[in-house]
Amino acid sequence: MKKTLTLIIGVLFAISLNAQNEQHLYLHHSGAVIYNDAVHNIDGITFQGNPASAVVDATNGQTSFPVTMIDSITFGIEETPSGDIVRIVYNGNSVEITNPFSNEGVSASNNQADVAVSSSKANVIYSLSGTTSNGSITFMSSKDFDLILDNANLSSTSKAVIDIASETNATIELNGTSTLSDGSNGAQKAAICSAGNLTFTKADGTLNINGNTKHGIFAEGDLIVSGGKIIINDAQSDGLHIDSFTQTNGEISILHSGSDGIDSSTDINIFGGSISINSTSDDTKGLNASETVSISGGTVEITSSGNDSKAIKCDDSVTISGGSIEINHSGDISKGIKSAYLNVSGGQITITASGKTVVEQEENQEVPSYCSAIKIDTEINITGGNFNINLPSSNDGGKAISCDGNVIISGGTFELETHGDGASYTVSGNTKDAYTSSCIKCDGNLEIIAGSFNCTSTGKGGKGINADGSITIGHADAPDRDLIINVSTSGERVTITSGGGGPWGGGDYANPKALKCDGDMTINSGTIIINCTQNNEGGECIESKAQMTINGGNIEAYSKSDDVINATRNLTVNGGTIYCHSDNNDAIDSNGTLFINGGLTIANGARQPECGFDCDNNQFKITGGIVCGTGGDTSNPTANVCTQPSMKINTQAGYAIQVLNASGEIVVTYLCPTLQGGGGGGGWPPGGGSGIKFLLTHPDFATGQTYTVKYNGTISGGDNWNGYYTGNVTYSGGQQTTVTLNSMVTTVNAGGGGW
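Quick note: the sequence shown uses the numbering used here, first residue 421, plus one each step.
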């Protein structure tokens, strides 16, 4: 249950304020003010959510902050004096200075248009205005101060235009439009340099900056932006180079930087406002933090065209709980978001990654490096948020979401598309391999507990969801509506090495897969819809290279040319509703053992030699559940381990089958599918004909009991789920036969032939 606490500012401060003294509310973080507004502008603050956020409702809109980022909330009088301001007006090579505090510890002098200020007085307000092509100002103050840029157009040929040389807190307010440009000949670090904390406070003005020597703004302390519009027209190195960065409001536009857009030695925290960054240089970052990046509000737009660039990069964790992030990166092997950890609980994330894969030489081997939208080194944890990620055809091997470690997703919506073709390459000597694209690629273990996923891969070898470790889908007893997974693949396989001819084929391929893992796969819940429409083999829908266990969920999967469900060692079905249809191969294929203990499973394979169920003559145990398996052939249940009997019905494709018990009650009504394809694998003899093997079992089947099997009739009424009818069903016409189940597997002839 969400708990909400509202702080009514008006009640606490129902006091009379005069025009010169205005009560303000301040939010503090790490000794700096991250929010400042007049009390009469604020309707209230709500603390809500888990983890908790503070939402400030003000006349200019809402601003949200994680509670963990707020050290304290204070109130104070903010003076707005009319005449007590140190005014510095530039006029070419001269400066006019008005200093009302000359006897109070404030000195201001100039050498032509270079101004030096020294102060021991707290909270002095300085105003800069006018124009100069070779001027500057240097502050040496032991106390905090405010600076107003009032339509100031200032350039320096060899110095920082504004140099705050003391470790104090300086607040800059923007009035009108100002432009600051340093020269290209000096040793300064930026057009604005600060040895302490620097805050751009709430204001409607605009500041243009040209960093002709190095950075646009440099601060050895924190840079806080809570208002105004800052435009970095050009910077030879970083647009903003600071110790830490916090934005609660205002606008930042970095039109060009030779290196990073915003480079922080520690953290980047974005609570509100907007950031726009355009980068064209190789090996650069849009947002770059040595420790963490946290985005809980506002908008971030980053366009990057440099090779090996990163739009958002940090060495530790990226945390996104709100706001809107839009990234468009087109450089080869570039990344949209790159960090060790990623935590997402909210927000809108839109990424287009259109760069190419580059095969690089590392330790005498060729290694591909990809252009991926999200690339995380250690762990991804997603509980919410909206992801819209597109990798167009120019991106020939990248991943929409990729992690070298484990991934846990328990919420959010995902629209993920990859369209580029994979390709083969030579690792070294005669060793070959291939790279392919994936919507989600996890090198460790992947858990998808809840959320909505639309994953589309159209390129050669492209995969939907792929893990080198295990995959767990859904949660035991969770409603299937909590997790929706739609995956479609249509690209053909990538040839790594070509093989010989003959009915068994050969060669080595990088195959497209919809949902695949090298470890164990467990499906507990969810609605899973999969379509693999490639023309050649390799496009399996759901595959585990180890063991697969299906405990629940609603699965509907179609493969045009290969197996629908495939497990290497064992496939166990304990529950759920499963529909599998393959036009040209097996519906369900276990290369090891196959156990069915519950659920409803419909498995439609292709003509002979393909099967509804195929377990290569390994143990096939049935102890419960409803099974309707059709194909040109089928594996036989292993009688001595089964506890629920089955019928193996020889019939024809397209026949309607109804089974009644001795009391005339309907047990099963099923419409056999029309067979497609034939001979997708290496079986023998080759496919053909319309005869099918219909493997049927039901919990109402019992040994020693007699049943009536109707066939070649017509079904009307009832509810139809992929040929399986329930409810008020009417069966008319056709023929019938009776059969007594004297063993665990009983063969029934119902108008069919077969081998």
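Simulated from the structure, these hints should not be mistaken for laboratory data. Heads up, a few of these hints could be off.
[Claimed, not checked] The calculated lysine-lysine pairs, modelled on BS3-like cross-linking and capped at a C-alpha distance of 30 Å, are:
1) Lys776 / Lys649
2) Lys649 / Lys852
3) Lys541 / Lys649
4) Lys965 / Lys852
5) Lys965 / Lys980
Computed from a predicted model, the values in this text were never measured in an experiment.
Enumerated hints in conflict with the structure, sorted upward: 1 and 2
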